[in-house]
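Asks: The chain contents come next:
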Amino acid sequence: MKRLPHPLLTPILAAIWLLLNNSLAPGHIALGLLLGWAIPLFTARFWPQTVRIRKPLTLLRFLAVVLLDIVLANLVVARLILGRPQALCPAFLVVPLRLKSDLAIGLLANTICLTPGTVSARLSPDRDFLLVHALHAPDGDALIAAIKQRYEAPLKEVFEAC
Amino acid sequence: MLEYLLSFLILAGALFTFIGALGLARLRDFYTRLHGPTKATTLGVGCLLIASSVYFSSQGRGMSLHEVLVTLFLFITAPISAHLLAKTALHLRIESLAPPPQGDQSDTREAGSYTEIITPPRPPERPLPEERTR
Numbered sequence: 001m002k003r004l005p006h007p008l009l010t011p012i013l014a015a016i017w018l019l020l021n022n023s024l025a026p027g028h029i030a031l032g033l034l035l036g037w038a039i040p041l042f043t044a045r046f047w048p049q050t051v052r053i054r055k056p057l058t059l060l061r062f063l064a065v066v067l068l069d070i071v072l073a074n075l076v077v078a079r080l081i082l083g084r085p086q087a088l089c090p091a092f093l094v095v096p097l098r099l100k101s102d103l104a105i106g107l108l109a110n111t112i113c114l115t116p117g118t119v120s121a122r123l124s125p126d127r128d129f130l131l132v133h134a135l136h137a138p139d140g141d142a143l144i145a146a147i148k149q150r151y152e153a154p155l156k157e158v159f160e161a162c
Numbered sequence: 001m002l003e004y005l006l007s008f009l010i011l012a013g014a015l016f017t018f019i020g021a022l023g024l025a026r027l028r029d030f031y032t033r034l035h036g037p038t039k040a041t042t043l044g045v046g047c048l049l050i051a052s053s054v055y056f057s058s059q060g061r062g063m064s065l066h067e068v069l070v071t072l073f074l075f076i077t078a079p080i081s082a083h084l085l086a087k088t089a090l091h092l093r094i095e096s097l098a099p100p101p102q103g104d105q106s107d108t109r110e111a112g113s114y115t116e117i118i119t120p121p122r123p124p125e126r127p128l129p130e131e132r133t134r
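Residue numbers (this note's numbering), protein chains in the order written: chain Y, 1 to 162; chain Z, 1 to 134.
Just chain Z, with the same shape it has in the complex (with noise of 0.2 Å):
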């Protein structure tokens, strides 16, 4: 019964971890595709890490409870990467499917920064190779 219980689990968190991965591959531009890995695998590796503590619990050494300690730093870093990635990208003028952002009417100060950083820049004003002189 166990056995049944535990294979779930493992197959779920494969399951949700490929989809995770699917994403990446799936989506469009870089700021979709920054949900998939990041969070779709959220459930996923939970899946596995409740397999894990399950099994090890019933080996008859004690409770295991290492994984508690994984969703804890799990929870605290993988937002913190997804959040360095997408501010990352917003500086380096990353293009975006998504609209910018109208913003508060009442503060158009805010919504011109914001859209300020999320519209592309201009390509840079170089010479092209053949115009250039030695």
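Looking at chain Y on its own, in the form it has when it is part of the complex (with noise of 0.2 Å):
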């Protein structure tokens, strides 16, 4: 058994440890710090894929692409909703999916579904394509497209090898 099986959960779990208590006190570090070793530890048969973040810049700018893309999407919904239904043309979309590790899928998933506009709605058994539902989608490859170049591509580059 390895000491550290996932070197990126401890400090994460261990900030979440001190948001959690909202103090910077070195008791609470030092407790943290020892949650972030333990739980791990423990928890090391569910992770069974160790993360690796190979570039850990063009995840800040994935991050900050899609906070910006939620406020924007989040308007755009607005003013969907607001709008007249009966002009909607939703649809489901098949995108194709390069990703192969389950947090990398995971993730995208994850943020066609913060992104307003956009559920994930299954991932086929051999996690070739990811079903989407769209709002409103007048032109579904072009979305599948942008889908890909936003969130897929930076996503292969942090973890994925290229």
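It is possible that some hints are incorrect.
As the list claims (entries may be wrong) - Not everything, but these chain Y residues come out facing chain Z in the computed CB check (under 8 Å):
no., residue
1, LEU19
2, LEU35
3, ILE39
4, LEU41
5, THR43
6, VAL71
7, ASN74
8, VAL77
9, LEU82
10, PRO85
11, PRO90
12, PHE92
13, VAL119
14, SER120
Simulated from the structure, these hints should not be mistaken for lab results. Please read all numbers here as calculations on a predicted model, not as lab measurements. All C-beta atoms, glycine included, are put in the ideal place defined by N, C-alpha and C.
Reassemble the complex: the two chains are provided individually, in unrelated frames, and hints are given to aid placement.
Replies: Following this line, the structure appears as structure tokens:
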């Protein structure tokens, strides 16, 4: 058994512990690090793949893009809801996936759900396609291309070797 | 000055949450309704959380950062619930306004399976109540 099965999880769990307590006291830092060390150790079986972030800067830029998209797309969806519901053209889109790792696919599905106007509805059993429901997609292919370029490409760079 | 900012954030948050709820009432099928409450609200709740964080930090008892955690948990859980609702709806074959996806022409098996999942099932061939005999 490795001492530190997931080196990334430890600081994240410690940071969450500090946020939960809203404190930076040395005692809490020590306890947070202890928890961050112990929890990955006991839950190692649930996380068979070791996560490695290859390009932290790309990840930061990806997060910024997602935050901006959440704000912009919320405005768009608000306008769509207030407009005429009859004018909407909802669509199911099949997004072919280039991502392979569980975490990256999970993050992509999560991002698609977070940016309003699209919900990821189903992952095909062989993980090659993601079925996405879009609230208003007059041009489905353009939306698929946007998802692949804006979200999938950075995730691929960050979590998987190119 | 701070009060104006906080009022604006709270009102904007309430407005977006309201629009999300309105989507639930106005939109016309299950899948589109899913979009309103699960996501037009992310910005609404975000505004409310920023207001909360700014207010409690300005009270002079140090920073209030619990809201960061609320945002984190919300951003993890809300998409998962939306995804599961959509997936369940597909499995129950709830009718959709959206046409079933065409799929990749080279992979008809995939397209076929999606079409099969999305199109509503035929009504079960049960005898009508008056035909039933005891």
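Asks: When the nearest CB of chain Z is found for Y:VAL77, is that gap smaller than 8 Å?
Replies: Where the cut-off is 8 Å and the nearest Cβ of chain Z is about 5 Å from Y:VAL77, the hint holds.
Asks: Under 8 Å is the threshold here; is the Cβ of Y:LEU35 close enough to any Cβ of chain Z for the hint to stand?
Replies: 15 Å, violated
Asks: Are Y:LEU82 and chain Z close enough, Cβ to Cβ, to be under 8 Å, as the hint says?
Replies: 7 Å, holds
Asks: Does the nearest C-beta of chain Z fall within a distance shorter than 8 Å of the C-beta of Y:ILE39?
Replies: 16 Å, violated
Asks: Against chain Z, is Y:VAL71 within 8 Å by beta-carbon distance?
Replies: With a minimum Cβ separation of about 6 Å from chain Z (threshold 8 Å), the hint on Y:VAL71 holds.
Asks: Just to be careful: measuring from the Cβ of Y:VAL119 to every Cβ in chain Z, is the smallest value less than 8 Å?
Replies: Check passed: Cβ of Y:VAL119 comes within 5 Å of chain Z, closer than 8 Å.
Asks: May I ask you to test the interface hint for Y:PHE92 with respect to chain Z, counting a Cβ-Cβ separation under 8 Å as satisfied?
Replies: 4 Å, holds
Asks: Hey, does the Y:PRO85 contact hint survive, CB to chain Z under 8 Å?
Replies: 5 Å, holds
Asks: Let me know if the C-beta of Y:THR43 comes in closer than 8 Å to any C-beta of chain Z, holds or violated.
Replies: 16 Å, violated
Asks: Less than 8 Å between beta-carbons is the criterion; does Y:LEU41 satisfy it with respect to chain Z?
Replies: 22 Å, violated
Asks: Quick check on Y:SER120 please, does its C-beta sit within 8 Å of some C-beta on chain Z?
Replies: Where the cut-off is 8 Å and the nearest Cβ of chain Z is about 5 Å from Y:SER120, the hint holds.
Asks: Using the nearest Cβ pair, does Y:PRO90 come within less than 8 Å of chain Z?
Replies: Holds - the Cβ of Y:PRO90 comes within 8 Å of chain Z, reaching about 4 Å at its closest.
In the structure shown, a violation is registered for the earlier hints numbered 2, 3, 4, 5, in ascending order.
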